[in-house]
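Engineer: Spelled out from the first residue to the last, the chains are:
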Amino acid sequence: MPIRTPRGRSAAYRALWQWPLRSPARLGLTVVLLLAVVVGAVAGIGAVTVRSAGTAVASSGVTLTPQPTPAGRPAAPVTPTVLPPVPALTPSSLPLSAAPNPALSVAARWAAAWVNHPQGVSAQQWVDGLRPFTTDEYLGVLVGVDPANIPATRVTGEPRATKVASRSVQVTVPTNALTLDVLVVLTDEGWRVAGYDRVS
Amino acid sequence: MRLLRPLRLLVPLVAVGGALVIFLVFGFLAYQGGTGGGAGLVPGYCDAGLRSITQSGSRAAVGDSAATLNEEQRQNAATIIGVARQKGAPPRAWLVALATAKQESDLRNIPYGDRDSLGLFQQRPSQGWGSPAQVLDPVYSTTIFIDRLLQVPNWDRLPVTVAAQTVQRSAFPDAYAKWEGLAADLVSQLAGVTDPAGCGPNTATLPEGAARGAIQFALGEVGKPYVWGATGPNTYDCSGLILRAFQVAGIDLPRVSWQQFAAGGHVPVKQAQPGDLLFYATDPSDPATIHHVMLYMGDGQMVEAPYSGESVRVRSVPWGYSELVPLATRPGTTPNRA
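Top to bottom, those sequences are chains H and P.
Numbering of the first sequence is given in the numbering used here, commencing with residue 793 and proceeding in unit increments.
Numbering of the second sequence is given in the numbering used here, commencing with residue 436 and proceeding in unit increments.
Honestly, the hints are just simulated from the structure, not real lab data.
These stretches of chain H come out as covered by chain P in the derived footprint (C-beta under 8 Å, 3 or more residues): (1) 804-811; (2) 882-889; (3) 916-930; (4) 955-965; (5) 980-990.
What follows is a list of derived Cβ distance ranges for each label pair: (6) Pro894/H with Gly755/P: 26 to 32 Å; (7) Asp572/P with Thr882/H: 44 to 50 Å; (8) Ala880/H with Pro560/P: 42 to 48 Å.
Calculated Cβ distances over 12 Å to all of chain H for the following chain P residues: (9) Glu507; (10) Ile579; (11) Lys659.
We treat Cβ as the ideally placed atom computed from N, Cα and C, and that holds for glycine.
Take these sequences, add in the hints, and give me the full structure.
Structural biologist: And the structure:
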């Protein structure tokens, strides 16, 4: 056992940590105090984070200051909320017989261009055939198609409207492999195809 | 003074304690930042289009959830996830593969198809996908799909349907979008991935700084010419400008303006906040006819890439214009259809 001098820094520390061990009462008091400190710290951190999340909700979006923003990731998720519900936009639908003829004719001509992919046609040539009947935006989607993957080679029937609104018409066009379901919308340039899928 | 001398003993304690506090606080903040976008498949990025599909169900096909698949389909989905995981591909690649296989083969390993298409992904031996026996092997077909997907530049920041189409070059370019919701459901059901869209819990506001970041990006592009189909960096079309602006802010949007309309919660235009999207449609009650998108800056101002012959510009919002859609979209927030 080394000699323990009652003087100096280490003796002072020893006196500190041995203090709770002198009696059961002191030990109990120490445990209670430590618990209080831990609980207080947890509660304090919780309160701080809740408050910062709250200010994030209040301030997001409404400020426009010329300081640079950290590009990259969104800030911490804020308290779970949803915008007040709004009714979805739904156009009033018209009887199928009200489908404008120009819309049906654009669907038919578009389908004819879609099935027209002779051996060796380039993707660009194929898209050029569709261009007069397609919206600018949707042409950007069509350039990703490999015409060699188009299953049909000819249109086999008349276009038929399946859903009609004043400025958008859903049209089906049968081909020798499948039936096309084409969305035709009225644009500043007239009726144009803005989307399609196969009828499943 | 003598009384205070014992306090010197506390100096090392305070030093150690202080270091500990600093360490913990920084760790806590870093953790918060790191999970800022939720447990998404691409850390820190919110796929606003995927969220709108997974949470509103508006565009999802009828009854498509992991629970409605039969045993064979679930088996094949599990195989796809297993193979992709073993290759070290991240969960977003599993999701793209699942949406693709659902569209191509209904998640069945079919020994037939259009012309020489075969198997889960309907790969064509004549187009360089492998021998018929190979493309009919689910492990091989998943492997080659994942290989080609990972070669697509920026594949994990593209909308799921665009990433799938870039690999498949299908005759139905956006057909995969129908299955994004199902694929996200499968990834969470079979592999335990939470929040596949990465947009975090329900939100009614943009993440802090996102609106400012997007607006500042767009303002930095003012004067660059409008070219249809362009997504920067020197020319833009309307949705291309919005796409890039929000990418900078950590939110990934779909490519086309009517899809961007669906990529978040809606507010009446008069309640728009900076960072919300405004739209023009030839029939403002019909989202199918949306043909233009603008970024609202606040105070009645907006920034847009208007049309051919014009440049990116700042203008006052024409609140009375007959084509202005009455709802604005707050990208990446929780869908709120009544």
